[in-house]
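Chemist: Sequence:
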Amino acid sequence: MKKNLRLRPLWLLCGWAMLAMAVWLSLIAVPPQIVGVPYIDKVKHLLAYAVLMGWFGQIYTTRGTQRGWLIGLVVMGIMLEFLQGWGGARFFEYADMLANTLGALLGYWLTRNVLAGTLARVDLRLARRSH
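Sequential numbering of the sequence shown, starting at 28, is according to this note's numbering.
Hints in this document: simulated from the structure, not taken from any laboratory.
Keep in mind that a hint or two might mislead.
[To be verified] Distance ranges between label pairs, derived from CB positions:
#: 1; residue 1: Pro-36; residue 2: Val-64; range: 35 to 43 angstroms
#: 2; residue 1: Gly-95; residue 2: Arg-152; range: 36 to 44 angstroms
#: 3; residue 1: Val-57; residue 2: Met-106; range: 14 to 22 angstroms
#: 4; residue 1: Ala-154; residue 2: Val-64; range: 37 to 45 angstroms
#: 5; residue 1: Ile-61; residue 2: Ala-116; range: 25 to 33 angstroms
#: 6; residue 1: Phe-119; residue 2: Trp-43; range: 23 to 31 angstroms
#: 7; residue 1: Ala-143; residue 2: Trp-113; range: 33 to 41 angstroms
#: 8; residue 1: Ala-47; residue 2: Val-149; range: 20 to 28 angstroms
#: 9; residue 1: Leu-34; residue 2: Phe-109; range: 18 to 26 angstroms
#: 10; residue 1: Leu-37; residue 2: Leu-142; range: 41 to 49 angstroms
#: 11; residue 1: Ile-61; residue 2: Tyr-121; range: 19 to 27 angstroms
#: 12; residue 1: Asn-140; residue 2: Val-70; range: 19 to 27 angstroms
These numbers were taken from a predicted model, which means no experiment stands behind them.
We put the beta carbon where it would ideally sit given N, CA and C, even for glycine.
Please build the complete structure, drawing on both the sequences and the hints.
Modeler: See below:
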C-alpha cells in the first residue's frame with residue numbers, strides 16, 4: 028500500500044543530511060572515536076548504513092525502489108572505502124565494506140518487516156497535531 032507522507036520534504040531533508048554526514052565522516056582525516064570498545068568502528072559502520080537504509084526505505088516504500096537504495100548504499104560504502112585508501116589520511120578496509128553492506132541489509136530487512144510503516148505512522152501523528 029502506497030502511503031503519502033505529509034511531511035515528506037522534512038523526512039527527505041533529514042535523510043539527505045544523514046547521508047551527507049555519513050559521507051563527510053567517512054572522508055575526514057580524523058573522525059570522532061570511541062575508545063576502549065572492541066570493534067566499535069565496525070559497529071558504527073553497520074549502524075550508520077542500517078539507519079540510512081531504514082530511513083530511505085521508510086520514505087520509498089516500493090520493493091524495487093528500496094532495492095535500488097540498498098544497492099546504492101552498498102556501492103557508496105565500497106566507493107568511500109576506496110576513496111579513504113586513496114586519500115592517504117585514512118585506511119582502506121574490506122571489513123568496513125562488509126560492515127556497511129551488512130548494515131544496509133539489516134536496514135532493508137527491518138524496513139520491510141519489523142519497522143514497516145513506522146515513519147508513516149509518525150508522519151500521520153505529527154500532521155494531525157499541526158492541524
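Chemist: Compare the structure with each hint and give your call.
Modeler: Checked hints:
1. The hinted range of 35 to 43 angstroms is satisfied by Pro-36 and Val-64, whose Cβ atoms lie roughly 37 angstroms apart.
2. Gly-95 and Arg-152 have their C-beta atoms about 28 angstroms apart, which leaves the hinted 36 to 44 angstroms range violated.
3. At about 21 angstroms, the beta-carbon gap between Val-57 and Met-106 stays in the expected band of 14 to 22 angstroms.
4. As the Cβ distance of Ala-154 to Val-64 is approximately 39 angstroms, the hint placing it in 37 to 45 angstroms holds.
5. One distance hint, 25 to 33 angstroms for the beta-carbon pair Ile-61 and Ala-116, is violated here, with the actual separation near 19 angstroms.
6. The supplied range of 23 to 31 angstroms is met by Phe-119 and Trp-43, whose beta-carbon atoms lie about 26 angstroms from each other.
7. A C-beta distance of roughly 39 angstroms is found between Ala-143 and Trp-113, which places it inside the suggested range of 33 to 41 angstroms.
8. For Ala-47 and Val-149, the Cβ-Cβ distance of about 22 angstroms falls inside the hinted range of 20 to 28 angstroms, so the restraint holds.
9. In this structure, Leu-34 and Phe-109 break the distance hint of 18 to 26 angstroms, their C-beta atoms being roughly 36 angstroms apart.
10. Our hint of 41 to 49 angstroms for Leu-37 and Leu-142 is violated, since their Cβ atoms are close to 19 angstroms apart.
11. A beta carbon spacing of about 22 angstroms between Ile-61 and Tyr-121 agrees with the range 19 to 27 angstroms that was offered as a hint.
12. In this structure, Asn-140 and Val-70 meet the distance hint of 19 to 27 angstroms, their C-beta atoms being roughly 22 angstroms apart.
The structure does not agree with the numbered hints 2, 5, 9, 10 stated previously, though it agrees with the rest.
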